[in-house]
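Please take these sequences and the hints and turn them into a complete structure.
Number of protein chains: 2
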Amino acid sequence: MTRHMPQKAIVQRTALELDTIHVGECVDILKSLPDKSVDLVFADPPYNLQLGGDLHRPDNSKVDAVDDEWDQFASFEAYDRFTREWMRECQRVLKDDGAIWVIGSYHNVFRLGVALQDLGFWVMNDVIWRKANPMPNFKGTRFTNAHETLIWATKAKGQKRYTFNYDALKAFNEDTQMRSDWAIPLCTGEERLKDEDGNKVHPTQKPESLLYRVLLACSKPGHVVLDPFFGTGTTGAAAKRLGRHFIGIERDETYAKHARERIARVQRANESDLATMGSKKAEPRVPFGALVEAGLLQPGDTLYCPKGQRTARVRADGSLVHGELTGSIHKVGAMLEQAPSCNGWTFWRFKTDAGFKPIDDLRARIRQQGH
Amino acid sequence: MTRHMPQKAIVQRTALELDTIHVGECVDILKSLPDKSVDLVFADPPYNLQLGGDLHRPDNSKVDAVDDEWDQFASFEAYDRFTREWMRECQRVLKDDGAIWVIGSYHNVFRLGVALQDLGFWVMNDVIWRKANPMPNFKGTRFTNAHETLIWATKAKGQKRYTFNYDALKAFNEDTQMRSDWAIPLCTGEERLKDEDGNKVHPTQKPESLLYRVLLACSKPGHVVLDPFFGTGTTGAAAKRLGRHFIGIERDETYAKHARERIARVQRANESDLATMGSKKAEPRVPFGALVEAGLLQPGDTLYCPKGQRTARVRADGSLVHGELTGSIHKVGAMLEQAPSCNGWTFWRFKTDAGFKPIDDLRARIRQQGH
DNA sequence: TAGAGCGCTGAATCTCGCC
DNA sequence: AGGCGAGATTCAGCGCTCT
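Going down the list, the sequences are from chains A and B.
Just so you know, we're using full-length UniProt numbering here: the first sequence kicks off at 1 and counts up by one.
Just so you know, we're using full-length UniProt numbering here: the second sequence kicks off at 1 and counts up by one.
Capping the alpha-carbon separation at 27 Å, the derived lysine-lysine pairs in DSSO-like fashion look like this:
#  : chain 1 : residue 1 : chain 2 : residue 2
1  : A       : K281      : A       : K160
2  : A       : K281      : A       : K95
3  : A       : K139      : B       : K157
4  : A       : K160      : B       : K139
5  : B       : K220      : B       : K31
6  : A       : K281      : B       : K139
7  : A       : K307      : B       : K139
8  : B       : K331      : A       : K280
9  : A       : K331      : B       : K62
10 : A       : K139      : B       : K220
11 : B       : K160      : B       : K95
12 : B       : K62       : A       : K281
FRET-style restraints, in silico, Cβ to Cβ:
#  : chain 1 : residue 1 : chain 2 : residue 2 : range
13 : A       : K307      : B       : N343      : 31 to 37 Å
14 : A       : D197      : B       : N343      : 46 to 52 Å
15 : A       : N343      : B       : N343      : 27 to 33 Å
16 : A       : R161      : B       : A269      : 50 to 56 Å
17 : B       : A132      : A       : Q159      : 27 to 33 Å
Which chain A residues stay away from chain B? Per the calculated CB distances, all over 12 Å, these:
#  : residue
18 : E25
19 : S32
20 : Q91
21 : D97
22 : A156
23 : H245
24 : V292
25 : S328
26 : F350
27 : G355
28 : K357
Since the hints were made in silico from the structure, they are not lab data.
Where is the CB? At the ideal position from N, CA and C, for every residue including glycine.
So, in structure tokens, the structure goes:
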């Protein structure tokens, strides 16, 4: 139908325009993006419920900032409608193995979390950005508000595949797994964008470190990261630095201008330096039988359990025998240990002149030959 | 009207029964409490965890899951109905200068926060309980879930009067303002209640120091603290220690029995004892990856061993590469030295105009930023 | 006796690809 | 789409035993 042509043309063009900032209303521009075209969404939505400026009802009428209870309810409701509208579009444009991160404070983050859950996203973690240097509460009326909350959620419940660079973060954290609380300083000093008059360009510019960690954890080089509230482009800067693509949406041209200049100054890291610690799961699979086939073990050889008191014999097809028990290295290990499962590669040892060594060493030798 | 007499009698009696545990359904008993009779509510409701099958540690031991009947809900809607019902009653029984604290994890805390806001409570802070020793993520699928979230809210918006012992907390916190993130260990060891068989009495007993800090912050001696999900009585124990009254509601008589015995053992503390519950500031460590994240080192930069003849390149995730070897600063250092372990912070140097310096200097710089 | 070492455990939405 | 099987996966603290 020809009347769809112009729209389609727009969709195509927008889909391809990576690494640029699209100036306009968030939802309008989101609607021009095709389904399942984005790997990751990072959203730092407005949350000034009281100030009125950023919050409009879907019909674009402005929410009155009145103090009475009824209006307070109305304003939460309006915020929820606004939230669900952009969030639903983000869900649509996410690939089936995609995920979303949102950030907020106690003013709005509960509403973001419930919206995610109600729309069918599946929360993986909430993550605390613990500010090293927060602004004190001058009046002494509350606790120093020293953190913000991020929520990481996959597109759908039961989603099998999603990106999480577990081993990269573990290396980052000196070999202990990364926790849900991150200590990161505020965006200040050199990093904070200032205009000609020396005033900060954006009131809530996020530290690039924060986005760096999000993208390092939940995306791969070459992935497309969408930020529907781009602001001064922290997401874009971190994406470029880490070799990811970005799609930015921002309705304020001044912010967009500063963001463009900022991102232009960012250096992308070299391809090889963007590599991170890989997971073992991603390594090529070597069946145990290949060790026998390659002559690294002979049919009839004996394998020993870690403590050495129990043994099994290797058969020609790569199965093991221990008395009546037969099966794979994993199965026989699990049965001997009466455990629900067992990694036979690390469980079983073979005898060498230098003592007992795990059969995993032999697998490593085979994998190395593959190079 | 005489037919109201019996009910009124119950109300009066219940209203006066302080420092006891009322066994029965939460909402039923709440309804028997008079309006505006309570200074503070602390609520640790079921989290609606939605766990799947069994979970085993890498050593094949089974994780003792929270699979109790009381944590099962048919849907988010059912959970929301349940939440709003008990929360509305809590709001009714709160004095006009009263406040509520609730605690939850990402499974339920967003729904708690939205319910509070929708019912007209006014959120003062969200507070993070940073666990010193959380259970790891055994399968390497997410971030270690290392915190829970508490929400502090007053009974109503615009409430002028509420209790916040700013100076007491500041003193408690070594003369700095108390922040919204609290580092507190899990409830383990001696403190954890065990039954005759040595099994834990309650699956989710909270540390007393957590309640201690809440009551110290938001109540006065003599105040009445209501806990509608009393469990094994951590709120009651902290209340007694601090000279507050409590009203406990618990539907499980076994929990209630243990709580009674526990609280009977508690001594009301004098000032000097209270100081010993003091806060130990647990500053989070700065992992090597944070240096790359913050731009103090770039992916691709070279590090040098003490003698300078061997080098490694820094990657985006803070891992190092030396030929075929990859890993954390510690691992690569150890492999190069053929040592069982290595402190990468003192081993590796980076080049400056003033010669080579240990990377530990960069960590010091990051730590300083936090002040 | 002090210290090393080992075992146990904690609110957990905890695999993935192939057939 | 469900079942099967390979094989990957943990941190800190407490309390006990052993030297």
